[in-house]
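*Asks:* Read off the chains here:
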Amino acid sequence: MAESPQPSNTAPVIQVRKLVKRFGLKTVLRALDFEVQPGEFVAVLGPNGAGKSTFLRILASLSRPSLGEVYVAGYRLPGEAAAVRRILGVVSHQPLLYGDLSGEENLRFYARLYSVEHVAARVAEVLELVGLANRRRDLVRTYSRGMQQRLAIGRAVLHDPEVMLFDEPHTGLDQEACAMLDNVLRQVAARGRTVVMTSHDLSRAADLATRFDVLSRGRIVASASHDTLPEHGLLQFYRQALQVEGQV
Amino acid sequence: MTPAQPTSSTSERVAVETRLERTTTPRSSWSAFRRALWAIVWKDLAAEMRSRELLSAMLVFALLVILIFNFALELDARTRTNVTSGVLWVTFAFAGTLGLNRSMAMEKDRGCLDGLLLAPVDRSAIYFGKAIGNLVFMLLVEAIVLPVYSVLYNVNLFHAGLILVILLGSIGYVAVGTLLSSMAVHTRTRDVLLPILLFPVVIPVFIAAVKASSGYLQGIPMDEIMPWLNLLIVFDVVFIAIAFMVFDYVVEE
Amino acid sequence: MESKPAGLKFLDGLTVALMLVATALVFFYAPLEAVMGQVQRVFYFHVAAGWVGMLGFLVAAIAGIVYLRTADRKWDLVGLSAVEIGMVFAFINIVTGSIWARPIWNTWWTWDPRLTTATIMELIYAAYLMLRAGIEDPNRRARFGAVYAIVGFASVPLTFFSARLFRTIHPVVVGTNQPGAEGAFDMTPKMLQVFMFSLFTFSVLFIDLLWHRVRLGRLADRVEQLKLKWMA
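Chains as they are written, first to last, in the working numbering: chain A, 1 to 248; chain B, 1001 to 1253; chain C, 2001 to 2232.
The set of hints was computed from the structure by calculation and includes no laboratory data. One or more hints might be untrue.
[What the hints assert, rightly or not] Derived pair list, reagent style DSS-like, types lysine-lysine, alpha-carbon separation capped at 30 Å: (1) A/Lys26 - C/Lys2190; (2) C/Lys2074 - A/Lys18; (3) A/Lys26 - C/Lys2227; (4) C/Lys2190 - C/Lys2004; (5) C/Lys2004 - A/Lys26; (6) C/Lys2004 - A/Lys18; (7) C/Lys2229 - C/Lys2004.
Build out the structure end to end from the sequences listed, making use of the hints.
*Replies:* This is the structure in structure tokens:
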């Protein structure tokens, strides 16, 4: 793994302690604890309604915690959210792209939002990275879903973030598009970035991640690293974790 | 886990991502703010120029409203001068809500608002960016409606004072409208709800704009028009300030 | 089960007593007005109701500001309650204004700046409730309510000024040329006493209703909470 620019290599990049999130009277995340070391690729798995998206949105500074502490790269959320956003790249299952603009224009727009220098060069580089250089001038609404997701990842890496968050990026993609997406994901992760990805798709996650956490009913109930899992063991690990919670 | 080669269909080259030297050096946050603001304005204008859905909807709607007024009010030449400013402002108000709603809907429906919120800039850049975009659209529509009305009703509307009033009134309308549309967009009845939220609050703008407009059109002395202009300016300043202060709360979760 | 706190019970009693006294004062103590006769007695309730309407709006705006800064649900409830109550009283204000106008000026409505502003305020109240009704997420509903209460309240003075400016330039009230078209008349000391007392009474009434409504909201929340616990 490439070096990470943190002052101390042992401090966790993401630290979550006793995170609680309530919507009105409903509690979605309950006293959740979570920690990610620099360079890890963590897949957060869990059934629907477990709170994965909510959790990711809080890490992405799009949602405020009701209680608890969240630190990303040493900055506390939500107070220091502005500093966190500079080093964060987020891909959600909506592509966050403007259909009436071309791929290139979309990237240029986001580059300006993030105060990226040498916009033209960086945009060109990112388009190459995600394999969309030949469609750069086409309007995004003509892109397939797979292409939109790839461009979305491009958007997310424009400003060279240290931490990347992916919310179920494989949603709605066919096999080939998934494979292309995985290539890009690996490229992006290989730069020493820290990645947290929520996913439905265990087989995809198994290929990409170094660590697997299971989120169920608002809490992380199990965690295992890639090496400690036997082959095809992810499914079993997942099922077991949920069984303990009485969900399977 | 070794990084795999990207399977781009046209390029066999490995796409290598160079490590950026901290490109996002936190320069003065003011220039970042300005850059983001104008990026948003440009984005709205560019997207609209491609599809022209918004502008055409607003224009057609405005012209239809004027047409309906023609039949509804049976304006003879004399009464026309009295009601012109009223008709114009009613038209602008209704066409304006169309623009306001569409502008925000574009962000919300594709989740793009999150994209804006993720940017490391002050939220108010989003507010001002959208508001300026909305203002430009509204002014464009007004710029087309004025000559059309002039021609249809044989009234001379090219008066510097009138332009000033339209500018001041539109600013106030859009300042509040952008804020309220960012709330209304989260409801199911957003198209109906926005006028209901907006119109009672911008009534001072209507009253002042209509009175000042007809003042200029009828050649009323300046010191009778001044109070209305003052009212418009006060409204604009107060509500831009309020919107700027509360926008964060509207947009964050 | 929470029972009514002692303070509220006392306030209830006080409110009823004050209302009875105020009514008696209005009908028996206040002198008969020379020009308008018995109908003028509506004035005491009309203005007091208008005052409570404005008070409701003010409380809602302040509660809105406090809610935005503290994110404490209680303030959202206070704001909502203030709007609901204010809306009712503003409506009473408008209707009594109409009742008053009819025999005096032979018209059901005057575009009097105060009445106009009261009506617009009522519409803003209604819009507030409609906005809340359209949002499902409770946090967002509270935030949006707070913002709109602030924006709405800020517009009221400007609306009033523009309506008044409109009137001075176009002093037209359909059906009358009387200088009393603004509803002004000289108040004798006795009238002033009754007037101030009715303002006071209605304010107490407002606080009493507000307390009740907030309590109602809190109990409703408790029910929701218990439901969720039982269903989970």
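*Asks:* Against the structure shown, which of the earlier numbered hints fail to hold, in ascending order?
*Replies:* Those not satisfied are hints 1, 4 and 6.
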